[in-house]
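Asks: The lines below spell out each chain.
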Amino acid sequence: MTLALPAGPTPAPRRQIFVGTALACVAGTMLIGGQLAIWALIRDRAVEAGERFPAKFEIPEVASNVMLMTLYALCLFAQWTVWSAKRGDRMHVGLSLGIVGLMGVAFVNAQAYVYHRMEMPIADGGYPGMFYAITGTMLALVIIGLVFTAITAFRALGGRSGELELVASHALYWYFVAAAFSGVWFLVYVTK
Amino acid sequence: MTTIESSPDAVGAARGESAIGSFPVALAAWLTSTDHKRIGRMFLGGSFVGLAATAALGLVLGIERVDGGDVLIDSGAIPQLFQLYRFGLVSATLIPLGIGLSIAVVPLQLGARSLAFPRLALAGFYGWLAGLVLLVVGLANNGGIGGGDADMVDLFLAGHVLMAIGLIAAAVSIATSVLTTRAPGMSMRRVPLFSWSALITAIGALLSLPVLVGALVFLFVDHRNARVVFGGNVGIGDWIGWAFTQPATYVFALPAVGVAAELLPVTFGRRQVMRGVVYTGLALVGVAALSAVTQQNVHSLPWSGSGLDTDELGTKFDDFVPFALFNLLPVLGVLIVMAIGALTAKGARPSITSPFLFSFLGVGMILVGMLGGVLYPIDDLGLQGTVFEEGVLVYVVYGTVLSVMGGVVYWAPKLWGRAFPDKPVMGLAGLGLIATVLASLPYYAAGFADQPAASPTYEYGGPAELWNALVLLGHALMLLTVLAFAGLGAKALRRDDRPGDDPWDAQTVEWTTTSPAPFDNYAEVPVISSAEPALDRKASEQPS
Numbered sequence: 001m002t003l004a005l006p007a008g009p010t011p012a013p014r015r016q017i018f019v020g021t022a023l024a025c026v027a028g029t030m031l032i033g034g035q036l037a038i039w040a041l042i043r044d045r046a047v048e049a050g051e052r053f054p055a056k057f058e059i060p061e062v063a064s065n066v067m068l069m070t071l072y073a074l075c076l077f078a079q080w081t082v083w084s085a086k087r088g089d090r091m092h093v094g095l096s097l098g099i100v101g102l103m104g105v106a107f108v109n110a111q112a113y114v115y116h117r118m119e120m121p122i123a124d125g126g127y128p129g130m131f132y133a134i135t136g137t138m139l140a141l142v143i144i145g146l147v148f149t150a151i152t153a154f155r156a157l158g159g160r161s162g163e164l165e166l167v168a169s170h171a172l173y174w175y176f177v178a179a180a181f182s183g184v185w186f187l188v189y190v191t192k
Numbered sequence: 001m002t003t004i005e006s007s008p009d010a011v012g013a014a015r016g017e018s019a020i021g022s023f024p025v026a027l028a029a030w031l032t033s034t035d036h037k038r039i040g041r042m043f044l045g046g047s048f049v050g051l052a053a054t055a056a057l058g059l060v061l062g063i064e065r066v067d068g069g070d071v072l073i074d075s076g077a078i079p080q081l082f083q084l085y086r087f088g089l090v091s092a093t094l095i096p097l098g099i100g101l102s103i104a105v106v107p108l109q110l111g112a113r114s115l116a117f118p119r120l121a122l123a124g125f126y127g128w129l130a131g132l133v134l135l136v137v138g139l140a141n142n143g144g145i146g147g148g149d150a151d152m153v154d155l156f157l158a159g160h161v162l163m164a165i166g167l168i169a170a171a172v173s174i175a176t177s178v179l180t181t182r183a184p185g186m187s188m189r190r191v192p193l194f195s196w197s198a199l200i201t202a203i204g205a206l207l208s209l210p211v212l213v214g215a216l217v218f219l220f221v222d223h224r225n226a227r228v229v230f231g232g233n234v235g236i237g238d239w240i241g242w243a244f245t246q247p248a249t250y251v252f253a254l255p256a257v258g259v260a261a262e263l264l265p266v267t268f269g270r271r272q273v274m275r276g277v278v279y280t281g282l283a284l285v286g287v288a289a290l291s292a293v294t295q296q297n298v299h300s301l302p303w304s305g306s307g308l309d310t311d312e313l314g315t316k317f318d319d320f321v322p323f324a325l326f327n328l329l330p331v332l333g334v335l336i337v338m339a340i341g342a343l344t345a346k347g348a349r350p351s352i353t354s355p356f357l358f359s360f361l362g363v364g365m366i367l368v369g370m371l372g373g374v375l376y377p378i379d380d381l382g383l384q385g386t387v388f389e390e391g392v393l394v395y396v397v398y399g400t401v402l403s404v405m406g407g408v409v410y411w412a413p414k415l416w417g418r419a420f421p422d423k424p425v426m427g428l429a430g431l432g433l434i435a436t437v438l439a440s441l442p443y444y445a446a447g448f449a450d451q452p453a454a455s456p457t458y459e460y461g462g463p464a465e466l467w468n469a470l471v472l473l474g475h476a477l478m479l480l481t482v483l484a485f486a487g488l489g490a491k492a493l494r495r496d497d498r499p500g501d502d503p504w505d506a507q508t509v510e511w512t513t514t515s516p517a518p519f520d521n522y523a524e525v526p527v528i529s530s531a532e533p534a535l536d537r538k539a540s541e542q543p544s
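Top line first, the protein sequences correspond to chains C and G.
According to my numbering, the residues represented by the first sequence are 1 to 192, in order.
According to my numbering, the residues represented by the second sequence are 1 to 544, in order.
By construction, these hints were calculated from the structure, which means they are not laboratory data.
Just so you know, not all the hints are guaranteed correct.
Some chain G residues well away from chain C (every beta-carbon gap over 10 Å; in silico) [as the list claims (entries may be wrong)]: (1) 179; (2) 241; (3) 426.
Pair ranges (Cβ atoms, derived) [said to hold, decoys possible]: (4) C:48 with G:450: 32 to 42 Å; (5) G:140 with C:48: 35 to 45 Å; (6) C:191 with G:238: 18 to 28 Å; (7) C:105 with G:457: 51 to 61 Å.
Don't be surprised by glycine CBs; every beta carbon is placed ideally from N, CA and C.
Take the sequences, apply the hints, and build the full model.
Replies: As structure tokens, this is what we get:
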């Protein structure tokens, strides 16, 4: 038998999912930030050597611009989910999450379109590998976001639409993805 | 006053777990457990096995170095074995030791019933383990940096990615635990010092390991295909080497410093003074994580060459700032922790225990390693490419091992319900100290004599063979230390006598629950009213 400290009340929830998501976003920022730094370094070396970067491939810029706008719009819909969850509006939570999912899939589709249009063999020089690596990482982050959306939707449709912390975490993740893609868009698609 | 009457068996039975289950059921329960104590112990067990294997490898390489190569192993395999040795020191020992102890102990220290996201931490363990296996398989089959088999080089890179992702998952779990699962009344200023060090380590891992993953993805894709941008198989080390050397390793040695900081006030029976300054000291060590941002391992300092050259001071200032930030600040951090510990101890009579001895000696070794780490990157000293860096790394890793062993001995009553015998463990701490010094200090001297790193052959004036023989002996003694430590642990587990709930007269909240701690740590969540809740309880129990 042990004498112990007096028992306290059950601890108030401290937004565990939100904090965990925020930390994961920090890690994701370092991941994409690190890759962009390597990209910039290699590009500088190529430019100093008098090479064009990319050497012979055309990037479809309209599609990449649409991808950026898709993610910004997606953030609005993710925030709509938060707004709806705050008011306990289950229908709007479901609707907004559905649109978030749809826009995420649209992003994946646009990325596939970019790959298809570029017709760039991965082993054709150094640039293609780097391009596929950084955009592939970005694509993986979007797919993780889609899984997150699906989980949030399942819980919302399961009657837990008022679970504000989860939908807020979901929105935070998409904000991070949009910010990360802004960097990729500027460095990889615009300034190349 | 509340009474905790739950025992692990009772709680397990309440959860439908049989105390006498069949072996496969018990094994499956272990391998899929969400109990943070089990996950932490799996990490610790894996890293002690990794340490024993690494020390044995150090022994084999030592024999090769003493006898000039081609003694026990073919010279073609030597580069892979040197890499295996380095990755064994960092990836199989240093990082999982700190993370494992953190997962096992932090929720207990926070007065929490569980770890945040325990399944994530468990997945992290398996990710780390699977990655480590892939890495070893890759290296064993002519992969690794400069490896001749392209597929095995790819496997080596993929293993690293998996391992880093696993460690990131575990770090998210630890950091979220400290930030969100503290007992009522435990503000951040009341967080135990070890838990604080675990938080800083976790944040450091979250800042540095993703950068490594990003680089590895580039390397993997490039190596799998064109091999033109990153230098092919030979260039891999240039892009990921920063993560396996100083100062990045300091971040993962930080829990070892946290153990010492935790034990100092317990040993001297005093409440910690200037607690905020100790937090700052521990956080300063964590600044080394940002070396991932610069990845600069060589520095030209303003006083380079003959006298102070005042030309281009701006450039030299730019060189000095990252050097000071990532090499001097961690040393300052450890010195602050030790200095405040000395202030806490002032005038008190210490009660030296085996955990304290282990951790104190361990931190001393880490500090010597860090001081070597200050010298190593200075360009003018010409230590790059010599065994000096290996000496620094071994100091840091083996120092961490000693301190974490101290932590394991200290928290063994809560994790296993058994206590290590004090006197034999004290002897083992001495043996570990000798092992660490022998395995690293000679390479400080050999580094100045230009003995090349990662090579079994060398030629320079001085007692070259003596230095290498001493290092060989050091690794052999470390292997002996680990095996003896495991033996003492096994012996303690077989004994029937159980320690009390507070055998060390400790200060933090985990010592108010039963030994061993039940599945969910506390029958009822305690209220915290100071940074030393166990002392508060004892004070309230004394007759007025």
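Asks: If a hint holds in the structure, say so; if it does not, say that too.
Replies: Each hint, compared with the structure:
Residue placement check: residue 179 of chain G does not keep its beta carbon more than 10 Å from all beta carbons of chain C (closest about 5 Å). Non-interface call for residue 241 of chain G relative to chain C: holds, since the shortest CB-CB distance, roughly 14 Å, exceeds 10 Å. Residue 426 of chain G, annotated as away from the interface, keeps every beta carbon of chain C farther than 10 Å; the closest lies near 28 Å. Separation of residue 48 of chain C from residue 450 of chain G is about 33 Å and conforms to the stated range, judged on CB atoms against 32 to 42 Å.
A beta carbon spacing of about 40 Å between residue 140 of chain G and residue 48 of chain C agrees with the range 35 to 45 Å that was offered as a hint. For the pair residue 191 of chain C and residue 238 of chain G, the supplied restraint of 18 to 28 Å holds, since their beta-carbon distance comes to about 25 Å. Here the CB-CB span from residue 105 of chain C to residue 457 of chain G is close to 59 Å, well matched to the stated 51 to 61 Å.
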